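> Sequence:
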Amino acid sequence: MDIPIEKKKYNISKLLKIGGIVAVLALIVFVLISSGGNSKLNVEKERISISTVTEGAFQENIPVNGIVLPISTIYLDALEGGRVEELFVEDGAIMKQGEPILRLSNTDLELSLVNQETSVYNLLTQMQISQTAARQNTINRLNQMTDVENAYIEAERVYNLNKKLYEKKAIG
131 MDIPIEKKKY NISKLLKIGG IVAVLALIVF VLISSGGNSK LNVEKERISI STVTEGAFQE
191 NIPVNGIVLP ISTIYLDALE GGRVEELFVE DGAIMKQGEP ILRLSNTDLE LSLVNQETSV
251 YNLLTQMQIS QTAARQNTIN RLNQMTDVEN AYIEAERVYN LNKKLYEKKA IG
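Everything in the sequence shown is counted per this note's numbering, starting at 131 for the first residue and increasing by one.
What the hints contain is simulated information worked out from the structure, not anything from laboratory work. Quick caveat, the model's predicted, so the values are computed rather than measured. Treat each hint with caution, since some may be false.
Distance ranges between label pairs, derived from CB positions [what the hints assert, rightly or not]:
no. : residue 1 : residue 2 : range
1   : I151      : I201      : 53 to 61 Å
2   : T184      : R233      : 47 to 55 Å
3   : R287      : I259      : 36 to 44 Å
4   : I192      : I224      : 23 to 31 Å
5   : I231      : T262      : 47 to 55 Å
6   : V288      : V250      : 40 to 48 Å
7   : L206      : Q266      : 52 to 60 Å
Ideal placement from N, C-alpha and C gives every residue a C-beta, glycine not left out.
Working from the sequences, and respecting the hints, build out all of it.
Right, dumping it as C-alpha cells:
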C-alpha cells in the first residue's frame with residue numbers, strides 16, 4: 131500500500147528566490163524614486179562664478195599631496211667644513227663647472243692659518259737674527275785680524291828699531 135506523498139507548495143529555496151527578487155525590485159524602485167529630479171543643493175552666492183564660455187585649452191588644477199623626486203642627484207662633500215656665510219645659488223638652479231655655490235667661514239681654519247703665518251714670521255725673524263749675528267761675527271773677526279796685523283807691524287817696527295839700536299850699542 132502505497133500512500134501518495136503530497137508535494138509541498140512552498141519549499142525554502144523557492145521562498146529565498148522569491149524574497150531575493152522582491153528585494154531587488156524594491157531596491158530598483160527606491161533608486162528610481164530617489165533620483166527622480168527632485169534633488170536640491172544649496173550653494174552660497176559668493177561661491178558661484180559666472181563667465182562667458184570660450185573655446186581654448188582646458189586647464190584644471192587639482193590639489194594633490196606628494197613628493198617630487200629629482201631625475202638625478204649629486205652629493206657634494208666638503209674637505210673643510212664651516213658655517214655658511216652666503217648662498218650664491220638656490221635649490222634646483224642649473225650650474226656650470228667652477229661656479230661657486232656658497233661661502234663658508236671656518237674660525238678654526240682661520241686661527242690655524244694665523245698661527246702658521248705667525249710661525250713663518252718667527253722663522254723669518256730668527257733667520258734674520260742669525261744672518262745679522264753671522265755678519266757681526268765676520269766683522270768682529272776681521273777687526274781682530276786687522277788688530278793682529280797692526281800689532282804685528284808695530285812689533286816688527288819695534289824689533290827692527292831695537293835691532294839697529296843694539297847694533298849701534300845704544301841699548302843693551
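> Please write out, lowest number first, the hints stated earlier that are contradicted by the structure.
Hint check: 6 fails alone, others pass.
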